[in-house]
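Q: The residues making up each chain are set out below.
There are 2 protein chains.
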Amino acid sequence: MAQKLPYKSLVQLDRNASAALYVQVCNAFIALITKGILQPSDMLPSSRTLAELIGVNRNTIKLAYEELVSQGWAEAVERKGIFVNSKLPTAASRPLPDAHLGPHEAFVWHNRFRNALPSKDLQKAGLAIDDGFPDVRLAPIDHLMREYRSLSRKFYGKNFLRYGSSAGSERLRISITNYLSNTRGLTVSPENVLITKGSQMGIYLAAHLLLGAGDTIATGISNYLLADETFREAGGNILRIPVDACGMDIDYLEKALATTSIKAVYIIPHHHLPTTVTLSSERRLKLLDLAKTHRFAIIEDDYDFDFHYDNKPYLPLASIDHNQNVIYIGSISKTFAPALRIGFMVGSTEFVRAAASLRELIDRQGDTLMEEAFSVMFDNGEVDRHFRKSLKIYKERRDLFCDILASDFEEEISFNVPEGGLGIWTTFSPDINLHKMSHEAGRKGLYIDDGDFYKNESYATNALRMGFASLNEAEILKALKTLKEVLPNAR
Amino acid sequence: MAQKLPYKSLVQLDRNASAALYVQVCNAFIALITKGILQPSDMLPSSRTLAELIGVNRNTIKLAYEELVSQGWAEAVERKGIFVNSKLPTAASRPLPDAHLGPHEAFVWHNRFRNALPSKDLQKAGLAIDDGFPDVRLAPIDHLMREYRSLSRKFYGKNFLRYGSSAGSERLRISITNYLSNTRGLTVSPENVLITKGSQMGIYLAAHLLLGAGDTIATGISNYLLADETFREAGGNILRIPVDACGMDIDYLEKALATTSIKAVYIIPHHHLPTTVTLSSERRLKLLDLAKTHRFAIIEDDYDFDFHYDNKPYLPLASIDHNQNVIYIGSISKTFAPALRIGFMVGSTEFVRAAASLRELIDRQGDTLMEEAFSVMFDNGEVDRHFRKSLKIYKERRDLFCDILASDFEEEISFNVPEGGLGIWTTFSPDINLHKMSHEAGRKGLYIDDGDFYKNESYATNALRMGFASLNEAEILKALKTLKEVLPNAR
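Quick note, the sequences are listed as chains A and B, same order. For the record, in the first sequence the residue sitting at position 247 is 247 according to full-length UniProt numbering, with numbers rising by one throughout. For the record, in the second sequence the residue sitting at position 212 is 212 according to full-length UniProt numbering, with numbers rising by one throughout.
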């Protein structure tokens, strides 16, 4: 009989919780009903009995019972009492798990991400030789906060908190067109620009619009891992193209096109990831001609454009393409701070409109207040000032980092000084075990990668990228000193 | 001969642009080369000649030529001059488009979003009867800004600008578990929580993990349009289930399961969108039992939980499910401000880990600084205070709005007073043309929907949702007065 249940232990109340006591009692009874401990038509204890048992005011119990009745879990029968709703389906007594949710679920699905590498979380890393990330301490976060505050206080600013366009803030799209024109000679209209959450969302959108199941996309034999995974997730097959000191081997691509039809090429012409090489002028023109002839798209990932230390940067493919084959992707996150997710994607009006429709299904829209704030900072020159300032600092850091690598790691590490970007591609002598190195460095308080992120099914080398930009002079000295100490234990 | 080209008009300089003059000259020549106007081995004019022609200092031209040579576009032949690189592929002279990018692109792709409804942009709407959105003027944006500022000034706060976990801020995941436990009796661990960009991203992630091409998902015959589109985009087929005053017809679903195998049910048990009905207790238990027997997932979209005016809200399915069949989705954007994109998804550890892997491909991670700021506001009670305050205000607005609908629109509109949520499902008499009404209202400065958003291939009615929450008393009076004036012209 339900009345003999040990309610004192079954109905546990937490007097410090923010939920009212009567709600806690009500929820406890719903749990007893849904677990099958109380069955349809079982009588509940009288409010007086229960109130005494669990030590609360009788009115609390009455309120709880009223709530159970109004929600349909219980029914009041006049002069008899309160009963579990007789119309509820009879529930077999269910086992009560210790924690509510365990590691596994009961429904059928195919987890194709079971073997995915966990994403790198550097927020608690301390001293870290990262993949080539910016120094967040240089980001003009005070200026950003000032614009946030200013916008959020204005009457019109409040409107930016409402639903907006899934293509992004109109004002930022205009600012970006000006910025692209001034820095890259790329003349487009705001309708050709979609504001994204970092360059990754640009890759994702382009991949899902271009690729269907079984479609082929060409990428470098070494390539940015998250791009490859995105293309596979979209259903694509990957055609690997060799990469040498002049970038992707476009002659190889041309030969492959004789037998293989492709939907797109994904390329980082400016500084190939991971090896940092730049695509030569000849290959640029040849790639554009192939795209025109074979009618494939070029996804040009140019997240690195703003960091170039010696020459002026090459113009992007998008700036010299006159046939609308290039989808151009850039990032502001990479130049400001990774956790401020802002980027852009440039394409034909139709392609951008389709990308905005897909983006609406993903997260509806971006954070308009942040987008507006960045627009102000583009327009008042703050973005430009930040680029110039950090470029100067990063060049000094690159030089210092490379000098030490050359002098102190001559036997262990070979590398080329990168013309731009925030990382150095370092190849280790074969007797050094990068997993061991990463582990040993971690024990001494230094985060450094184990190189797995740069390998894929057709590319393996004893190498990794070393980011120099996020470390100041003292930190570079300390990090490389630690690395040097660790290497003998990594053989 | 290249030397006879009209360089004065071909090399146009903008002295107000932020790009240096030599960069502009360099880019102009790259454009001439890539368009085929200058061919491989063509000689460039001497720096003296060109400097005079276009009226700049000769050193500017020299710098530009050096840049062209260093990038591989040109080559210097001693004692002869500067030539276009002879190794460049010969480019056929290409037509120069007026604007760089037009509406269409040259590559082959299938635009499955061509007929997508454009997303609603309410940021410039002025007076609007929306779909049921919060009043952004009530959002405690000053508090949010204060937490932002405070975090961004702290040494440890800067670390939140670095790359973090794609599952979201650990601290916010803990705050959300406490909030779910206190408000919904839902006891989970932070490993069961993924921070999303609003509830839409939860729907997107769940759909793409659960559905493959040709898989079936059951939804209400009337349903949230963006959810349906997301399921189709993921490759799913939609099985429509009738919805009555007690919510989705679970008996109908049970019969359908005899012949159709499904991967998931998408349901908004609390206030069905668009019609605002609540799923009854009997149907809740029956649905959970069916999920257990047939091993399908329940995607429970509970974006509306925090707004309930009469009873306490029903516990979510997730709180009474003891078989791990429910993926629970919620939103903070809907309670604070749509453009602040924060939501959460709750599931088994394995499902959440896979969702985090997929999310990494989409946008890498969320805005950690915002996530941390919201965590502070959950923990110090600010979120709770905002819920209570806005709930009181929204109840008053609902009552006023419904009173006027009942008294002034008796002949034109039928509706039920919603128990919760921010919108009223209003059915118009058949002689009123909603497109005409929307158009006529727009002419009088009132935004109101035309009802298309609520129709689908198997559901059409002369109805729409009217949001009461985003309008204050004076605005409600004004909006409904305008609507009343407009209706005679909409027949």
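No wet-lab data here; the hints were simulated from the structure. Fair warning: there could be bad hints in the mix.
[Said to hold, decoys possible] Derived DMTMM-like pairs (lysine to aspartate or glutamate); straight-line CA-CA distance at most 20 Å: (1) B:K124 <-> A:E191; (2) A:K87 <-> B:D289; (3) A:K35 <-> B:D121; (4) A:K436 <-> A:D452; (5) A:K158 <-> B:D289; (6) B:K87 <-> A:D244.
[As the list claims (entries may be wrong)] Per the computed footprint, the stretches of chain A lying under chain B, defined by three or more beta-carbons under 8 Å from a beta-carbon of chain B, are: (7) 69-78; (8) 81-89; (9) 116-127; (10) 151-165; (11) 184-193; (12) 271-284; (13) 356-367.
[Unchecked claim] The following label-pair restraints were derived from C-beta to C-beta distances: (14) A:I174 <-> B:D450: 50 to 56 Å; (15) A:Q12 <-> B:I432: 40 to 46 Å; (16) B:A256 <-> A:S41: 25 to 31 Å; (17) B:P6 <-> A:F453: 35 to 41 Å.
Don't be surprised by glycine CBs; every beta carbon is placed ideally from N, CA and C.
Q: Count the residues of the stretch 356-367 of chain A with a beta-carbon closer than 8 Å to any beta-carbon of chain B: does the count reach three?
A: Since 11 is at least three, the answer is holds.
Q: Could you see if the CB distance from P6 of chain B to F453 of chain A stays within 35 to 41 Å?
A: violated, 52 Å
Q: If you count the residues of the stretch 271-284 of chain A with a beta-carbon closer than 8 Å to a beta-carbon of chain B, do you get 3 or more?
A: With 3 residues in contact (Cβ-Cβ under 8 Å with chain B), the coverage given for the stretch 271-284 of chain A holds.
Q: Hint check: K124 of chain B vs E191 of chain A, CA-CA at most 20 Å. Holds or violated?
A: holds, 18 Å
Q: The hint says 25 to 31 Å between A256 of chain B and S41 of chain A; measuring C-beta to C-beta, is that right?
A: With a Cβ separation near 30 Å, A256 of chain B and S41 of chain A satisfy 25 to 31 Å, so the hint holds.
Q: Count residues of the stretch 81-89 of chain A with a Cβ under 8 Å from any Cβ of chain B, then say if the count reaches three.
A: holds (count 4)
Q: Okay, Q12 of chain A versus I432 of chain B on CB: inside 40 to 46 Å?
A: violated, 55 Å
Q: Decide if the proposed pair is consistent with the structure: K158 of chain A and D289 of chain B, CA atoms, cutoff 20 Å inclusive.
A: violated, 46 Å
Q: Measure nothing beyond the straight line between the CA atoms of K87 of chain B and D244 of chain A; if it is 20 Å or shorter, mark the hint as holding.
A: Judged against 20 Å, a Cα distance of about 18 Å means the pair holds.
Q: Quick check: does the Cβ-Cβ distance between I174 of chain A and D450 of chain B fall within 50 to 56 Å?
A: This hint is violated: roughly 29 Å between Cβ atoms.
Q: Are there three or more residues in the stretch 69-78 of chain A whose C-beta lies within less than 8 Å of some C-beta in chain B?
A: Holds: 4 residues of the stretch 69-78 of chain A have a Cβ under 8 Å from chain B.
Q: Hinted pair, alpha-carbon criterion (20 Å max): K87 of chain A, D289 of chain B. Please report holds or violated.
A: At roughly 15 Å apart (the allowed maximum being 20 Å), D289 of chain B and K87 of chain A satisfy the hint.
Checked against the numbered hints listed earlier, the structure breaks hints 3, 5, 14, 15, 17; every other hint is satisfied.
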